[in-house]
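S.K.: Take a look at the letters that make up each chain.
Protein chains: 2
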Amino acid sequence: MLTPLLSTDQLDRIVVVLVGARNPLNIGAAARAMSNFGFLQLRIVNRYQLAFREARSAVGAPRLLRDALECADVPEAVADCSLVVGTTAAGSRRIEHPLHSIEPGAQRIRSHIASGAPAALLFGSEKRGLSNADIGHCHWLMRIPTREEHSSMNLGQAVAVCLYELIRTEAAPETADTAAPATGAELTRMERALLEALRLSGYTKPGAQAATEEKARKLLRRMTLSSEDAETWTGMLAKMQLRPRKDRRA
Amino acid sequence: MLTPLLSTDQLDRIVVVLVGARNPLNIGAAARAMSNFGFLQLRIVNRYQLAFREARSAVGAPRLLRDALECADVPEAVADCSLVVGTTAAGSRRIEHPLHSIEPGAQRIRSHIASGAPAALLFGSEKRGLSNADIGHCHWLMRIPTREEHSSMNLGQAVAVCLYELIRTEAAPETADTAAPATGAELTRMERALLEALRLSGYTKPGAQAATEEKARKLLRRMTLSSEDAETWTGMLAKMQLRPRKDRRA
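In order, the protein sequences belong to chains Z and W. 115 is the number that the numbering used here gives to position 115 of the first sequence; each next residue is one higher, with no gaps. 1111 is the number that the numbering used here gives to position 111 of the second sequence; each next residue is one higher, with no gaps.
Just so you know, these hints were derived from the structure itself, not from any lab. C-beta atoms are modelled at their ideal positions from N, C-alpha and C, and glycine is treated no differently. Among these hints, one or two may not hold up.
[As the list claims (entries may be wrong)] In silico EDC-like pairs for lysine to aspartate or glutamate, Cα to Cα no more than 20 Å straight-line:
1) Z:218 <-> W:1231
2) W:1218 <-> W:1073
3) Z:218 <-> Z:196
4) Z:205 <-> W:1231
5) W:1205 <-> Z:231
6) Z:215 <-> W:1231
7) W:1239 <-> W:1196
8) Z:127 <-> Z:73
9) W:1215 <-> Z:228
10) W:1218 <-> Z:231
11) W:1239 <-> Z:191
12) Z:215 <-> W:1228
13) W:1239 <-> Z:196
14) W:1215 <-> Z:231
15) W:1239 <-> Z:214
16) Z:239 <-> W:1213
[To be verified] The calculated label-pair distances, taken between Cβ atoms and stated as ranges, are:
17) Z:69 <-> W:1047: 42 to 48 Å
18) W:1116 <-> Z:140: 39 to 45 Å
19) Z:66 <-> W:1053: 35 to 41 Å
20) Z:208 <-> W:1022: 51 to 57 Å
21) W:1049 <-> Z:210: 55 to 61 Å
22) Z:183 <-> W:1199: 28 to 34 Å
[What the hints assert, rightly or not] Calculated Cβ distances over 12 Å to all of chain Z for the following chain W residues:
23) 1010
24) 1046
25) 1114
26) 1115
27) 1116
28) 1183
29) 1185
30) 1207
When you get a sec, could you build the whole thing from the sequences and use the hints?
M.R.: Structure representation (structure tokens):
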């Protein structure tokens, strides 16, 4: 249906690292978003022996959560990665680190893993984000374009948005409005049925027949009708001409 | 820092509608993502008197949540919106509705609101997404490119990804058609007039009322109708209900 931008191999080369998350539900939610978008490598830097393996929020992704790697610190979590990217919600204190917004950032990550080398995407704790020590392990930072007045995102939502950006396709195919558009003949049939129903109902004023015809013709052409829909309308309008007396309103 | 793609005015013209969400934490999470990306108009279609106003997950967005509008049903929630877009996680059963992937879909929404008319973005319940009845009120559907093997997203994450896509791109919005598109309330009026005319004409088969309603609803949303044209149709259809006996064909 959709042409994947990243192959399964490439998706496997992107490692999501949650550093110091405190709420198991957020870890589960991150796992769910990863699974939704096809990423399977989760690593948890967990200093608190957090019980996250059974988090109910990992709907549809319990195995991903069970298979997540627990690491003592960031260096261990990114040991096999040749690119380490930290995520952030702006803030000037980190300005000394290269900062890319998420679109060009995701493009850089895709280019990197195309070369065969794994990359890590780091997310910090719910309260404080990544610490300066964590950021020290990053090659650069990626920023989600939240408002400055309210920049701090929910962890699971931040993961979802970043992963979405990584798999977002450039020219995603639309389901073509596959329905064939109505032909001139079909519109003419519908127009005739409409005009007849209008005439019978007394809508068409005496002497204004030509004006009503023109009005109806334009009205129909402004609508974007499929063949099938034009036929449905024609059938409905034809039926309205035949309404039996007994059903009339007072 | 970032050049906003949408002005505050335009952001205010995008209404997020959560239909049948069961978990207040998800509603709060949706509010938080809205606030992160600058969207403030939240409406809740809620048949269960859900206590969501104080959801703790709306970190940084308690006011947005307090100001959210509660609506009895989808027509009420989209009454002032001239574009209604449903979000979905694929599935073939809805293939009869136009389906756009999220990128071109977001582009369409931006073009629409550039013309000044509000648009609604509908998200269904956690378990089932949007029902067929809900989808009947949509002009088209937008699909997030999740994996087919695990397509169902967390509600808050789906909202975050869609809103991110709406504010993401640098590209300038296309100029829109000049005629004001019909609002939800206008389409509902036209729909009522059509259904009444169909009922009186005997088109609606006994026992098939619900099916005819759904058919008519979809038919109307597939057409691109301006405000003015919807009103013309409503007037014509109302008149057809009142056709006097003497004008009947043999």
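S.K.: Please go over all the hints and tell whether each is borne out by the structure.
M.R.: Results of checking the hints against the structure:
{"no.": "1", "hint": "Z:218 <-> W:1231", "verdict": "holds, 14 Å"}
{"no.": "2", "hint": "W:1218 <-> W:1073", "verdict": "holds, 17 Å"}
{"no.": "3", "hint": "Z:218 <-> Z:196", "verdict": "holds, 16 Å"}
{"no.": "4", "hint": "Z:205 <-> W:1231", "verdict": "holds, 18 Å"}
{"no.": "5", "hint": "W:1205 <-> Z:231", "verdict": "holds, 18 Å"}
{"no.": "6", "hint": "Z:215 <-> W:1231", "verdict": "holds, 13 Å"}
{"no.": "7", "hint": "W:1239 <-> W:1196", "verdict": "holds, 11 Å"}
{"no.": "8", "hint": "Z:127 <-> Z:73", "verdict": "holds, 18 Å"}
{"no.": "9", "hint": "W:1215 <-> Z:228", "verdict": "holds, 12 Å"}
{"no.": "10", "hint": "W:1218 <-> Z:231", "verdict": "holds, 15 Å"}
{"no.": "11", "hint": "W:1239 <-> Z:191", "verdict": "holds, 17 Å"}
{"no.": "12", "hint": "Z:215 <-> W:1228", "verdict": "holds, 12 Å"}
{"no.": "13", "hint": "W:1239 <-> Z:196", "verdict": "holds, 13 Å"}
{"no.": "14", "hint": "W:1215 <-> Z:231", "verdict": "holds, 13 Å"}
{"no.": "15", "hint": "W:1239 <-> Z:214", "verdict": "holds, 18 Å"}
{"no.": "16", "hint": "Z:239 <-> W:1213", "verdict": "holds, 16 Å"}
{"no.": "17", "hint": "Z:69 <-> W:1047: 42 to 48 Å", "verdict": "holds, 43 Å"}
{"no.": "18", "hint": "W:1116 <-> Z:140: 39 to 45 Å", "verdict": "holds, 40 Å"}
{"no.": "19", "hint": "Z:66 <-> W:1053: 35 to 41 Å", "verdict": "holds, 36 Å"}
{"no.": "20", "hint": "Z:208 <-> W:1022: 51 to 57 Å", "verdict": "holds, 55 Å"}
{"no.": "21", "hint": "W:1049 <-> Z:210: 55 to 61 Å", "verdict": "holds, 57 Å"}
{"no.": "22", "hint": "Z:183 <-> W:1199: 28 to 34 Å", "verdict": "holds, 30 Å"}
{"no.": "23", "hint": "1010", "verdict": "holds, 14 Å"}
{"no.": "24", "hint": "1046", "verdict": "holds, 22 Å"}
{"no.": "25", "hint": "1114", "verdict": "holds, 20 Å"}
{"no.": "26", "hint": "1115", "verdict": "holds, 16 Å"}
{"no.": "27", "hint": "1116", "verdict": "holds, 19 Å"}
{"no.": "28", "hint": "1183", "verdict": "holds, 17 Å"}
{"no.": "29", "hint": "1185", "verdict": "holds, 19 Å"}
{"no.": "30", "hint": "1207", "verdict": "holds, 17 Å"}
Hint violations for this structure: none, all hints satisfied.
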